[in-house]
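Here's the letter readout for the chains.
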Amino acid sequence: MSNTIKVDIVSAEKELFSGQAISVVATAVGGELGILPKHTPLLAELKPGEIRVNISETQTEIFYISGGMLEVQPDGVTVLADTALRADDIDEAAAIQAKQRAEQMLHEQHTDFDYAKARAELAVAAAQLHAIQKLRERR
Amino acid sequence: MPATKEIRTQIKSIGNTQKITKAMEMVAASKMRRAQERMLTSRPYAERIRAVIGHLAHARPEYEPVYLRTRAAYRVGFIIVSSDRGLCGGLNHNLFKRAIEAMSSWQQKNVEIDLCLIGQKAESFFKRLGGSIVGNVTHLGDAPQIIDLIGTVKVMLDAYAEGRIDRLFIVSNKLINTMTQQPQVQQLLPFPPAEEMARAYQWDYLYEPDPQYLLDLLSKRYVEAQVYQSVVENIACEQAARMVAMKAASDNADGLISELKLIYNKARQAAITQELSEIISGAAAV
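So the protein sequences, as listed, match chains A and B.
Numbering of the first sequence is given in numbering that gives the first Met the number 0, commencing with residue 0 and proceeding in unit increments.
Numbering of the second sequence is given in numbering that gives the first Met the number 0, commencing with residue 0 and proceeding in unit increments.
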């Protein structure tokens, strides 16, 4: 089986594919790339698109990814797939959101129900009640 | 018999609590299994990226991305991964203790700290403690997706790239086994050097588009993947800890119930004896 290449397609959440194939076709930012066994080391950014893994002459598996990276070594191909659509402006928006959440959390101390504080107050009240009960029993 | 009635109600209420803790234990056990699977399936991604970065750093010594460079620390960032819900034993508490330990060792060196919080427990704890919180995310659920974390991670990555923080750490629980979870502090940025970077021969990739762009992109993805892994692992820890805590609670309830039953039976017996002796002495008097 010297004319096959090991292919791994992984995303941050799970492994999508792992096995031997005779060739792989991926959509890189510069155009389609076909990878055959013994390809020279290559690193490419992938566009959202499909990856065709030709397992044999007749059998092909197709994966759709929303971007990622392709690494080629003489003995294997690794696709680091993004599961979510990634773009700088989307990432930026998410970052701004995270910051806003933090600020909001710090400001909203009174509107948001603070369980920890409420629990502490409840403990104090319960202790007081307990003490009063004890006092009554003594009388 | 007011005393026996009181004991009976208490036994009943403990029994009800026990039903809840038993159910929670079983739920946690099944969720833990799923969380552990998720943990294992997300592992290859980070490993692969690490390997590629290792190749790259070796193949391209002239370009060193900002994420690999170590500089003097004036301000450090901490990402703290906690659970959203409680009732999981000392899991979060131990984690916060470990985090504060690590933070105070920096503070002693007059280094300032920025915090990024994941999970509600961290939010309420560090809100009371104070500190500069620059980002947070809560309600990730049992199956978080990487897209939920991107924003939080990017806040820290940007801060690092722009030189606002000089180190980035992540504090999270490590699942050793079901019974033990260990809080740990890991350095995310700059990358700690890896052994596989030392190689005997020289080679280089073909790049599409250019190496610097790709290396930076990979570095970002790598940090994201690591944070994601920590979050998933922390969920597995949370479920394991909850399962153990609920098991202990159910066992304690068992103990309490058997103790109370003993007291109840004694009280019942005493009441019957008393009644009998009253009847007999009454009969004797007549």
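It should be emphasised that the hints constitute simulated quantities derived from the structure, not laboratory data.
The beta carbon of each residue, even a glycine, is placed where N, CA and C say it ideally should be.
Check each hint, because a few of them may be wrong.
[Claimed, not checked] If you want the footprint, here are the derived chain B segments under chain A, 3+ residues with CB under 8 Å: (1) 180-187; (2) 203-210; (3) 234-244.
[As the list claims (entries may be wrong)] Subject to a maximum C-alpha distance of 20 Å in a straight line, what follows is the list of computed PhoX-like cross-link-like pairs (lysine-lysine): (4) A:Lys13 / B:Lys30; (5) A:Lys98 / B:Lys96; (6) B:Lys11 / B:Lys21; (7) B:Lys260 / B:Lys18; (8) B:Lys173 / B:Lys96; (9) A:Lys5 / A:Lys37; (10) B:Lys30 / B:Lys18; (11) B:Lys11 / A:Lys13; (12) B:Lys11 / B:Lys260; (13) B:Lys219 / B:Lys30; (14) B:Lys108 / A:Lys46; (15) B:Lys96 / B:Lys108.
Hint by hint, here is what the structure shows:
{"no.": "1", "hint": "180-187", "result": "violated (count 0)"}
{"no.": "2", "hint": "203-210", "result": "holds (count 7)"}
{"no.": "3", "hint": "234-244", "result": "violated (count 0)"}
{"no.": "4", "hint": "A:Lys13 / B:Lys30", "result": "18 Å, holds"}
{"no.": "5", "hint": "A:Lys98 / B:Lys96", "result": "25 Å, violated"}
{"no.": "6", "hint": "B:Lys11 / B:Lys21", "result": "15 Å, holds"}
{"no.": "7", "hint": "B:Lys260 / B:Lys18", "result": "18 Å, holds"}
{"no.": "8", "hint": "B:Lys173 / B:Lys96", "result": "15 Å, holds"}
{"no.": "9", "hint": "A:Lys5 / A:Lys37", "result": "11 Å, holds"}
{"no.": "10", "hint": "B:Lys30 / B:Lys18", "result": "18 Å, holds"}
{"no.": "11", "hint": "B:Lys11 / A:Lys13", "result": "46 Å, violated"}
{"no.": "12", "hint": "B:Lys11 / B:Lys260", "result": "11 Å, holds"}
{"no.": "13", "hint": "B:Lys219 / B:Lys30", "result": "30 Å, violated"}
{"no.": "14", "hint": "B:Lys108 / A:Lys46", "result": "46 Å, violated"}
{"no.": "15", "hint": "B:Lys96 / B:Lys108", "result": "19 Å, holds"}
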